[in-house]
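S.K.: Modelling step: build the complete structure from the supplied sequences, incorporating the hints.
These protein sequences, in sequence, are chains A and B. Using the working numbering, the letters of the first sequence map in sequence onto residues 1 to 230. Using the working numbering, the letters of the second sequence map in sequence onto residues 1 to 230.
Mixed in with the good hints, there may be bad ones.
For lysine to any residue, the following SDA-like pairs were computed, each having C-alpha atoms within a straight-line distance of at most 20 Å [stated by the list, open to error]:
hint: 1; chain 1: B; residue 1: K134; chain 2: A; residue 2: S73
hint: 2; chain 1: B; residue 1: K26; chain 2: A; residue 2: Q64
hint: 3; chain 1: A; residue 1: K195; chain 2: B; residue 2: D128
hint: 4; chain 1: A; residue 1: K195; chain 2: B; residue 2: T156
hint: 5; chain 1: A; residue 1: K26; chain 2: B; residue 2: F158
hint: 6; chain 1: A; residue 1: K26; chain 2: B; residue 2: D63
hint: 7; chain 1: A; residue 1: K134; chain 2: B; residue 2: T156
hint: 8; chain 1: B; residue 1: K134; chain 2: A; residue 2: L131
hint: 9; chain 1: A; residue 1: K202; chain 2: B; residue 2: E8
hint: 10; chain 1: A; residue 1: K26; chain 2: A; residue 2: K134
Beyond 10 Å from chain B on every Cβ pair, some chain A residues (computed) [claimed, not checked]:
hint: 11; residue: Q71
hint: 12; residue: Y86
hint: 13; residue: L88
hint: 14; residue: T106
hint: 15; residue: D167
hint: 16; residue: T175
hint: 17; residue: Q177
hint: 18; residue: D203
hint: 19; residue: D215
hint: 20; residue: H223
hint: 21; residue: N226
hint: 22; residue: E230
One side of the interface only, derived from the structure: several residues of chain B facing chain A at Cβ under 7 Å [stated by the list, open to error]:
hint: 23; residue: G19
hint: 24; residue: E21
hint: 25; residue: F76
hint: 26; residue: Q118
hint: 27; residue: L131
hint: 28; residue: K134
hint: 29; residue: V160
It is worth saying that the hints were derived from the structure and are not from the lab. Every residue, glycine too, gets a C-beta built ideally from N, C-alpha and C.
2 protein chains.
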Amino acid sequence: MARNIFVEELVHTPIEEQGDEIVERKGIGHPDSIADGLAETVSVALCKMYKERFGRILHHNTDQVEVVGGQSSPKFGGGVFLEPAYILLVGRATTMVNGVRLPYRTVAIQAAHDYLTQTCTNLNVDADVTLDCKIGQGSVDLRGLYDTQKQLANDTSFGVGFAPFSDLETVTLKTEQLINGPLKKDLKEVGQDIKVMGVRHKDDIRLTVAAAFVDKYVPDKDHYRNVVEE
Amino acid sequence: MARNIFVEELVHTPIEEQGDEIVERKGIGHPDSIADGLAETVSVALCKMYKERFGRILHHNTDQVEVVGGQSSPKFGGGVFLEPAYILLVGRATTMVNGVRLPYRTVAIQAAHDYLTQTCTNLNVDADVTLDCKIGQGSVDLRGLYDTQKQLANDTSFGVGFAPFSDLETVTLKTEQLINGPLKKDLKEVGQDIKVMGVRHKDDIRLTVAAAFVDKYVPDKDHYRNVVEE
Chain A
1 MARNIFVEEL
11 VHTPIEEQGD
21 EIVERKGIGH
31 PDSIADGLAE
41 TVSVALCKMY
51 KERFGRILHH
61 NTDQVEVVGG
71 QSSPKFGGGV
81 FLEPAYILLV
91 GRATTMVNGV
101 RLPYRTVAIQ
111 AAHDYLTQTC
121 TNLNVDADVT
131 LDCKIGQGSV
141 DLRGLYDTQK
151 QLANDTSFGV
161 GFAPFSDLET
171 VTLKTEQLIN
181 GPLKKDLKEV
191 GQDIKVMGVR
201 HKDDIRLTVA
211 AAFVDKYVPD
221 KDHYRNVVEE
Chain B
1 MARNIFVEEL
11 VHTPIEEQGD
21 EIVERKGIGH
31 PDSIADGLAE
41 TVSVALCKMY
51 KERFGRILHH
61 NTDQVEVVGG
71 QSSPKFGGGV
81 FLEPAYILLV
91 GRATTMVNGV
101 RLPYRTVAIQ
111 AAHDYLTQTC
121 TNLNVDADVT
131 LDCKIGQGSV
141 DLRGLYDTQK
151 QLANDTSFGV
161 GFAPFSDLET
171 VTLKTEQLIN
181 GPLKKDLKEV
191 GQDIKVMGVR
201 HKDDIRLTVA
211 AAFVDKYVPD
221 KDHYRNVVEE
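M.R.: Dropping the structure here:
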């Protein structure tokens, strides 16, 4: 196959030299981050299962996760969940080898359950979340490709990335990491579902933090106001 | 509220003057396009329902749709669906007004069924698709905001857009529109699930077309090869 890698200089006003910049960071407990985290966790668990059984990773793609919010009735001192959240694991996996069906769905659900338990420490995963798995059999074509050592493709794909972070990107990221990290020890009232938006106009930076509170740690309005101020 | 709209010139090498460019267009029958189309259709249907009943649009956001592939056994001359596709409509809506529950879920499912019937002409929507709806009640906060006339927000959000299309973008888009449009009359063998990728290196353009075939219109291998060549 002919070499076809092209490298080109990007002539562009760096974001730091532009007048306006907007950045957003979603914390580990935000539904979008949970979906990403679960997709990764499920893939890692399937890789382990395949390696233990067959010595190598078999074809799968589990990059689709749907998080459907439940319903809660929050109140100072601790409310209740009225409806569990519903989380659907989707994707494709190698489901059978030599006629034997593999436990890909139970492996995926166990991994998702463990991830949620470790990540969302205020959630009772057993009762507050309904986990479902509709991971299906990969298409014959896709699995065929994965089995060969040849350079083949049945799809088109491309990726985009950038580095390093601008000052605003760094500040926005560190703010989320501070709230979800060191601050957690003193402020258990603040949950993991945090979103930080940074807006810069020339040299002025404004950060907006959306942070969900954990009602059982907030007995009343005064306490709520104290936590907001802190 | 102080005016805070800033307009700035983008100093940037236009994509046409860069050496390499990659573009992708997903046709109307691609699962990602189906998800987008359904989200829009469901929102339009809910808007109509609210307007008919209350003279105005009530709060809802139905921008989440999960399309889970089914399983089929294709063969020349026409195969079968083994497992229906599963489509889950998700989001939030105003579910009750003055204590009366609204038919938001049935309205959403009917709209989705009609859209699929019109868009995916080779699909027997009644049997080949399982439609599910988990649209839930909007959070009290969100619905509260929507009811007021004040400038309030409970979230952060921003958008990005660009115009006009580059030559490669135009060619890639028109190719998909040609295959899914005028060509359909002569080539009913080609289904709606089409993806076109355009890659440009300097002045060389390469288009890759992934087009799903409808097996019932393809009696044998020779016919298949003829259609590919056409």
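S.K.: For each hint, tell me whether it holds in the structure or not.
M.R.: Status of the hints after comparison with the structure:
Between K134(B) and S73(A), the direct Cα distance comes to roughly 19 Å. Compliance with the 20 Å bound is thereby established for this hinted pair. At most 20 Å may separate the alpha-carbon atoms for a hinted pair to count; K26(B) and Q64(A) meet this at roughly 18 Å. For a cut-off of 20 Å, the pair hint linking K195(A) to D128(B) is broken: about 40 Å separates their Cα positions. This hinted pair checks out: K195(A) and T156(B) have alpha carbons roughly 8 Å apart, not beyond 20 Å.
Proximity of K26(A) to F158(B) is assessed by CA-CA distance (about 14 Å); at most 20 Å being required, the pair is judged to hold. As the CA atoms of K26(A) and D63(B) are separated by approximately 19 Å, the hinted pair is consistent with the 20 Å bound. As the CA atoms of K134(A) and T156(B) are separated by approximately 32 Å, the hinted pair breaks the 20 Å bound. For the suggested pair K134(B) and L131(A), the alpha carbons sit about 14 Å apart, so the restraint of at most 20 Å is met.
Between K202(A) and E8(B) the alpha-carbon distance is near 11 Å, which keeps this suggested pair within the 20 Å criterion. In summary, the hint linking K26(A) to K134(A) is not supported, as the alpha carbons are separated by about 26 Å, beyond the 20 Å threshold. Remark: the non-interface label on Q71(A) conflicts with the geometry, its nearest Cβ contact in chain B lying 6 Å away (cut-off 10 Å). Residue-level check failed: Y86(A) sits 6 Å from the nearest beta carbon of chain B, not beyond 10 Å.
Separation of L88(A) from chain B is inadequate, the least Cβ-Cβ distance of about 6 Å not exceeding the 10 Å criterion. Annotated as non-interface, T106(A) keeps its C-beta farther than 10 Å from every C-beta of chain B; the closest such distance is 18 Å. Consistency note on D167(A): stated as away from chain B, and its beta-carbon is indeed over 10 Å from all of that chain's, at 18 Å minimum. The non-interface label for T175(A) is consistent with chain B: the shortest C-beta to C-beta separation is roughly 13 Å, beyond 10 Å.
With a least beta-carbon separation of about 18 Å from chain B, Q177(A) lies farther than 10 Å from that chain, consistent with its non-interface assignment. The claim that D203(A) is not at the interface with chain B holds, since no C-beta of that chain comes within 10 Å of its own (minimum 13 Å). Non-interface call for D215(A) relative to chain B: holds, since the shortest CB-CB distance, roughly 14 Å, exceeds 10 Å. No Cβ of chain B approaches the Cβ of H223(A) within 10 Å, the least distance being about 20 Å, so the stated non-interface status holds.
Taking the minimum C-beta to C-beta distance to chain B, about 21 Å, the non-interface status of N226(A) holds against the 10 Å cut. Its beta-carbon lying about 21 Å from the closest one in chain B, E230(A) satisfies the requirement of being farther than 10 Å from that chain. Residue-level restraint check for G19(B) holds (minimum Cβ-Cβ distance to chain A is 5 Å; threshold 7 Å). Of the supplied interface hints, the one on E21(B) is violated, with its beta-carbon coming no nearer than about 10 Å to a beta-carbon of chain A, more than 7 Å.
Evaluation of the F76(B) hint against chain A yields a violated restraint, the C-beta minimum of about 15 Å exceeding 7 Å. Violation of the interface hint for Q118(B) is found here, the shortest Cβ-Cβ separation to chain A being roughly 25 Å, above the 7 Å cut-off. For L131(B), the interface hint is violated, the least distance from its beta-carbon to any beta-carbon of chain A being 14 Å, above 7 Å. About 5 Å separates the beta-carbon of K134(B) from the nearest beta-carbon of chain A, less than 7 Å, and the hint is met.
Violation of the interface hint for V160(B) is found here, the shortest Cβ-Cβ separation to chain A being roughly 9 Å, above the 7 Å cut-off.
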